[in-house]
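Novice: All residue numbers for the sequence shown refer to the working numbering, where the first residue is 680 and numbers rise by one.
Any given hint could be a false lead.
With beta-carbon atoms standing in for the labels, derived distance ranges [to be verified]:
#, residue 1, residue 2, range
1, 731, 757, 36 to 44 Å
2, 827, 757, 20 to 28 Å
3, 702, 807, 34 to 42 Å
4, 836, 782, 29 to 37 Å
5, 831, 807, 17 to 25 Å
6, 794, 733, 13 to 21 Å
7, 771, 836, 32 to 40 Å
8, 828, 757, 29 to 37 Å
9, 778, 705, 30 to 38 Å
10, 690, 739, 19 to 27 Å
11, 844, 797, 23 to 31 Å
12, 709, 807, 40 to 48 Å
13, 763, 730, 34 to 42 Å
Please keep in mind that the hints were generated in silico from the structure rather than gathered at the bench.
A virtual CB, placed ideally from N, CA and C, is assigned to each residue, including glycine.
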Amino acid sequence: MLHKPAGFVSTRKDPHARDTIFDLLPKKFSGLFNIGRLDAQTEGLILLTNDGDLAQRLTHPSYKIDKEYEVTLDRPWDPALASKLSKGIFLDGKRARIQQLHSRGPKRLRVILRQGINRQIRRMFREIAYEVKQLVRIRIGNLRLGDLPHGHWRLLTKLELEGLRLRGRGAVAAGADRGRQKAGQLGKAEVNAVRCNLT
Numbered sequence: 680m681l682h683k684p685a686g687f688v689s690t691r692k693d694p695h696a697r698d699t700i701f702d703l704l705p706k707k708f709s710g711l712f713n714i715g716r717l718d719a720q721t722e723g724l725i726l727l728t729n730d731g732d733l734a735q736r737l738t739h740p741s742y743k744i745d746k747e748y749e750v751t752l753d754r755p756w757d758p759a760l761a762s763k764l765s766k767g768i769f770l771d772g773k774r775a776r777i778q779q780l781h782s783r784g785p786k787r788l789r790v791i792l793r794q795g796i797n798r799q800i801r802r803m804f805r806e807i808a809y810e811v812k813q814l815v816r817i818r819i820g821n822l823r824l825g826d827l828p829h830g831h832w833r834l835l836t837k838l839e840l841e842g843l844r845l846r847g848r849g850a851v852a853a854g855a856d857r858g859r860q861k862a863g864q865l866g867k868a869e870v871n872a873v874r875c876n877l878t
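Based on the sequences and whatever the hints tell you, model everything.
Specialist: Next up, the structure:
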């Protein structure tokens, strides 16, 4: 995990010669790739891996992974507008929704997304006449940024990695597991019923 500072782009090479997140990492991590992106001015938690399956599970919308952000606005927030963001605003032909929104002060909000539309938060707030002055991603699934300093990285613990993999199974896979479990329970019940009838 890396605490991306503002001004760095989430790519390996940039045609405009801007600083990239890979400039913040040792050369021994040159085989990693980033899971998702943060735009240049957005700060916060970004994950890098060499596990393509994990990356797919954490980015595909069907797995419904929460991504939590701290949002600082240019003027005091009007709570009456929250329903508009939760119902959705069309961006790039898709309905962009904010999953949850909590006020943390006159101009500060906590926002949870489960989508990954380009610059989604900034664009959604712009549609309701707000400018986002600062945007920091503080959580992905069970993994929190915590007190990791700007520009610093650390390895995930085995427990954190396992938590991400379990969370990454998502609603689709979890639903399939519940279905299989239920089917197994029904099978046992039917066998027991037959045994009762035979005796």
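Novice: Now tell me, hint by hint, if it's right for this structure.
Specialist: The hints, checked one at a time:
The hint said 36 to 44 Å for the Cβ distance between residue 731 and residue 757, and at roughly 42 Å that hint holds. A hinted range of 20 to 28 Å is violated for the C-beta pair residue 827 and residue 757, which are about 33 Å apart. In this structure the supplied range 34 to 42 Å holds for residue 702 paired with residue 807, their Cβ-Cβ distance being about 35 Å. For the pair residue 836 and residue 782, the beta carbons lie near 33 Å from each other, so the given range of 29 to 37 Å is met.
In this structure, residue 831 and residue 807 break the distance hint of 17 to 25 Å, their C-beta atoms being roughly 35 Å apart. The supplied range of 13 to 21 Å is met by residue 794 and residue 733, whose beta-carbon atoms lie about 19 Å from each other. Separated by about 37 Å at the C-beta atoms, residue 771 and residue 836 satisfy the suggested range of 32 to 40 Å. Separated by about 34 Å at the C-beta atoms, residue 828 and residue 757 satisfy the suggested range of 29 to 37 Å.
Distance hint for residue 778 and residue 705: a CB-CB separation of about 35 Å, consistent with the stated range 30 to 38 Å. A hinted range of 19 to 27 Å for the beta carbons of residue 690 and residue 739 is consistent with their spacing of about 20 Å. About 26 Å separates the C-beta atoms of residue 844 and residue 797, a value consistent with the hinted range of 23 to 31 Å. With their beta carbons about 42 Å apart, residue 709 and residue 807 fall inside the hinted range of 40 to 48 Å.
In this structure, residue 763 and residue 730 meet the distance hint of 34 to 42 Å, their C-beta atoms being roughly 38 Å apart.
In this structure, the hints that do not hold are numbers 2, 5, in rising order.
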